[in-house]
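There are 4 protein chains.
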Amino acid sequence: MIVVLAQGVSLKDKAAIVRFIEQHGGRLMVSELGETTHIGLIDGTAQALAAQIRAMPGVESIKSEAPPYPQVSREYREANSVVDVADVAVGAAEVVVMAGPCSVESATQISLVAGSVAQSGARILRGGAFKPRTSPYSFQGLGEEGLLMLAAARDQTGLPVVTEVVAPEDVELVATHADMLQIGARNMQNFRLLSEVGAQPKPVLLKRGISSTIEEVLLAAEYVASAGNTRVILCERGIRTFETATRNTFDVSAVPVLKQKTHLPVIVDPSHAAGDRSLVRPLAAAGIAAGADGVLVEVHNDPDSALSDGPQSLTLPGFTEMMSLLKGVADAVGRFIR
Amino acid sequence: MIVVLAQGVSLKDKAAIVRFIEQHGGRLMVSELGETTHIGLIDGTAQALAAQIRAMPGVESIKSEAPPYPQVSREYREANSVVDVADVAVGAAEVVVMAGPCSVESATQISLVAGSVAQSGARILRGGAFKPRTSPYSFQGLGEEGLLMLAAARDQTGLPVVTEVVAPEDVELVATHADMLQIGARNMQNFRLLSEVGAQPKPVLLKRGISSTIEEVLLAAEYVASAGNTRVILCERGIRTFETATRNTFDVSAVPVLKQKTHLPVIVDPSHAAGDRSLVRPLAAAGIAAGADGVLVEVHNDPDSALSDGPQSLTLPGFTEMMSLLKGVADAVGRFIR
Amino acid sequence: MIVVLAQGVSLKDKAAIVRFIEQHGGRLMVSELGETTHIGLIDGTAQALAAQIRAMPGVESIKSEAPPYPQVSREYREANSVVDVADVAVGAAEVVVMAGPCSVESATQISLVAGSVAQSGARILRGGAFKPRTSPYSFQGLGEEGLLMLAAARDQTGLPVVTEVVAPEDVELVATHADMLQIGARNMQNFRLLSEVGAQPKPVLLKRGISSTIEEVLLAAEYVASAGNTRVILCERGIRTFETATRNTFDVSAVPVLKQKTHLPVIVDPSHAAGDRSLVRPLAAAGIAAGADGVLVEVHNDPDSALSDGPQSLTLPGFTEMMSLLKGVADAVGRFIR
Amino acid sequence: MIVVLAQGVSLKDKAAIVRFIEQHGGRLMVSELGETTHIGLIDGTAQALAAQIRAMPGVESIKSEAPPYPQVSREYREANSVVDVADVAVGAAEVVVMAGPCSVESATQISLVAGSVAQSGARILRGGAFKPRTSPYSFQGLGEEGLLMLAAARDQTGLPVVTEVVAPEDVELVATHADMLQIGARNMQNFRLLSEVGAQPKPVLLKRGISSTIEEVLLAAEYVASAGNTRVILCERGIRTFETATRNTFDVSAVPVLKQKTHLPVIVDPSHAAGDRSLVRPLAAAGIAAGADGVLVEVHNDPDSALSDGPQSLTLPGFTEMMSLLKGVADAVGRFIR
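If you read the protein sequences in the order shown, they are chains E, W, Y and P. For the first sequence, position 119 (counting from the first letter as 1) is numbered 108 according to this note's numbering, and the numbering increases by one without interruption. For the second sequence, position 117 (counting from the first letter as 1) is numbered 106 according to this note's numbering, and the numbering increases by one without interruption. For the third sequence, position 205 (counting from the first letter as 1) is numbered 194 according to this note's numbering, and the numbering increases by one without interruption. For the fourth sequence, position 126 (counting from the first letter as 1) is numbered 115 according to this note's numbering, and the numbering increases by one without interruption.
In case anyone wonders, no lab produced these hints; they're calculated from the structure. Be aware that one or more of the hints could be misleading.
What the hints assert, rightly or not - According to the in silico footprint, chain E covers these stretches of chain W (three or more CB under 8 Å from chain E):
| id | region |
| --- | --- |
| 1 | 201 to 215 |
| 2 | 241 to 254 |
| 3 | 277 to 291 |
Where is the CB? At the ideal position from N, CA and C, for every residue including glycine.
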């Protein structure tokens, strides 16, 4: 359910409506579409209040059936959105493979991996410069230095760069050097960070939280869109369930379900879902077969000495081998990989 | 961990070992391989008892690293098992599509659906004659009459028949008419039923329980194998998680994980996983891309008037369309669909 | 939502209504209250069909807000139901403790345990005679012999007996000797078994399935009630979640939630929830503090040599000690333990 | 498993050991106890590396059985830790009730609520000044102004104040005014924030994440302790499962399990677990019965007009009524509430 407010509604009326809903236990998402404010009611909460809300000053209309994420909804825009990442189109016929090491470790390493994955058909380079740290002695990422190495690898290969941003205060710096900003699973509901990436123009790669529902993913995307940036790509990367044979449970259904509900591109990250190199190839193929617009994988020149996530990183030859499989699968579903 | 018993061990010694383990909280699986009894310890329980067990009368040796399901383990048999279902080989290069209505409703209906899916490339006919009933007024299945209709459809089309058996006392009857016996998700740990299907010679299609781990699936398969029937095919059909956008969460990773751990064929059932016709095609494709040896789907000539599971059943043209997609995907992963 | 049928509705009309709902993907529960048939729609499915259903022959009225389990619902009966188990009242002010070994192992053992727990304040004796078997060498339970030993222990102590029944064909035998029939968690949705216990007069202890929702528990109870037996006691015993520190996650909220939704008594089984003796005492206390009408615990004279579930069984002194704690807690919440 | 490093080990050797473990897929926690560095291996990962690690320069010894959170472990300190919150002792015989509104809304409101809960026996005042915001029109909390109002309410009533801190940059400000800093469930693994609260002297109330295991809670606590602050109180507040009848599933077993594994105090938050006022009383009682050292509840003078979380807030008379129940339960388990 969406409450559409009148144009020119006063701040006071807006706040009164929002608080009325929240006081009655309603959870909501406020979204600005051009001049018009939309308030989406989440989870069916407070739908019983429709009549009362309708009567409040400033309310234009109520859309009972509309999902609470107006801008990212497929109802709002029927055609697929194509997000341009420095001239690589994500969400069009091409299935875009994004590859690179978990962490940028040195100029030599990133140059080596970037050159190799570019040759095998990757279209975007991934690599971490800022890592969420769990120990002060763990590799923390190279920070700005790492961003510069990524930029140099981009110059060398022509591949645009996606890298994670973990704190609001780093957004500006990361956006200066990267072509797309990644929001990690742990930060999917870090609203301060979502606001910041929503207020800058580079595209955003938004990963699903480990225990987030599909609706929550779409609400987080709406949050970014509502802050001004509709260039959002969603990423399924596994959820936490009772099953312990894999690190997370790769929810491949999320791909077609998201594609039904939103016009935004949807990609998959089989490396983090499985946590095991030997599963990356089949899960990447499954994601594409299910309709994913892209794949994000970890690749390392020497996984056994990688400074992070070695066990789930593909080797360079492993990546090349996987690409040949994925090209066939993309082809089978009417898409292509270059 | 597996405890291998000496050949000719007495019943008394066997029971003493089993009870010693169980008294110490160990959960176990007893499996007979030819003349030798293997006791598999589940979940790491009681591994601390290894030394004490080793010293008990009748113990031959202990394999610390072996999984508790010896016969179905990939360690026991490196090559893929190919299960022959009335001359259709499941587990070989061909990806075997099994299709048909949730329930057999009439001779006309099953004949119509069977003829159509056969023409589109299905290799095995599915159809329910005995349904787990939740209301006395719900359609209960046609019982033996339904089995005869399935048999007639087999004669007409040449497609072998798989159908569910829900009670131990029905095993003999169902096995007389069907070419493969299906154990439904709710019965995966119905040990009496597993014993019965394990004691007859027709192949068994064993569906994963809605909250069963992959290890539990393999233990259930071992149970059937230990009763004498190693012709078992496993089926992923969705697990229960916090996500509510789909009826169950289709755990596509289970396919490659099972293929690593067991030599048995593994298929997927996207119809029950998703509970929604529009998701069947992408999930079937995902399953094959991930390495499944087959797909089980519900197809109905008129889903809107189906007596059960209409909303998740494909139409006949929908099935034909899906097959053309699946052939491409099978091809892309080095398999084929006829 | 409940569809109330007209008295004297024809079987044909009944079946037509049920099938119309099921064909549209609706899941339902048919419940007979005296002369009137109620069809409960589950999970909000098919609520959109209300107008069409209303117009069908044989439909008397539609209750939009009613839960799909009419007889067990608190709306049907505002006052708590008190279930009489051979003169022990469950669901009244007394908190009823049911204790005994997992399995009856011998006449001496059950007599010893029964005598001891009776003296410490247990009011009902539990003990397994038929066990769901996972290995042919595991202790299978003593069967009818075990039932006779339980009966003898009842004669000795005056404690009524509750014991599990695992197969429809055993219901009559178990009901001859026991005072209450227990349906285990694995059988909560074994509808054939539910029908059988619903068709005999002894009270039924119905355990929640490991991955069953609270609504599903209530539907299973309605199924028993609809078969003619409304003397049902519900039991929370842990659900499967991502947490592995305990065997299952003891969902203590289920107690007050169930007490709000149903008039039936609700008890807890901390032994199976935790799988660890050291947690039984705090969880039993938590259950009573949350409003449970009773507690079911495993007690053994020598847990280290118990033939099943030793690690979660209390010792005799441990039980006595727990009872003194539980008496205080029961008292604190306005209940009592004798 | 814990790797104990030699005193005076070089930074280079430390980093080499950490990276060796991480390169082999090991997840770890580095903890400083006085002069000695402890590296805890998480989840059994990399235990196979023990011999290799043992041989590395700078390694003093390996404790195979030790949990990876040395300082907060019960093995490290057998006696319960008592955390002093401005002279209120948490973790001793008294069960400490912390109460107040979700959000501080005005000086009048917080004064009214504080006065009332103090009189009914609350020992610590809770109230949010900084709220994680999901909409710009939602009530954002009063920020520093709210902190001052809390401080005034403390002066009025003598109740120490606990309030949430949501960003590292706010830690200093919040610590100036509050007596205990709360880390919310969404921030349980926000390591930057954990570092900040670990580097200041006020006690920390650490809430379990919605999908965090008990081991992860203890690792987060170790992280705070390792940054220098061992005055940590843990809080169970519900986890995400398949059950939808309650907002989250209140994992009451976490209380006794945590009390076994750690010497830190453990409290429960039934308001957020249930999301429903009518469940707060039974769940608070259950928590205390299970051994909780305290209870955190939301109380509002007029829940129907509360600016946040009204539906789960107790009324002032509701709180008073609950306290009389909780006193009895505390007494029954050998504790007390003043």
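Hints, verified against the model:
1. 201 to 215: Check passed, 3 qualifying residues.
2. 241 to 254: Answer holds; 7 residues pass the 8 Å Cβ test.
3. 277 to 291: holds (count 4)
In summary, this structure violates none of the numbered hints.
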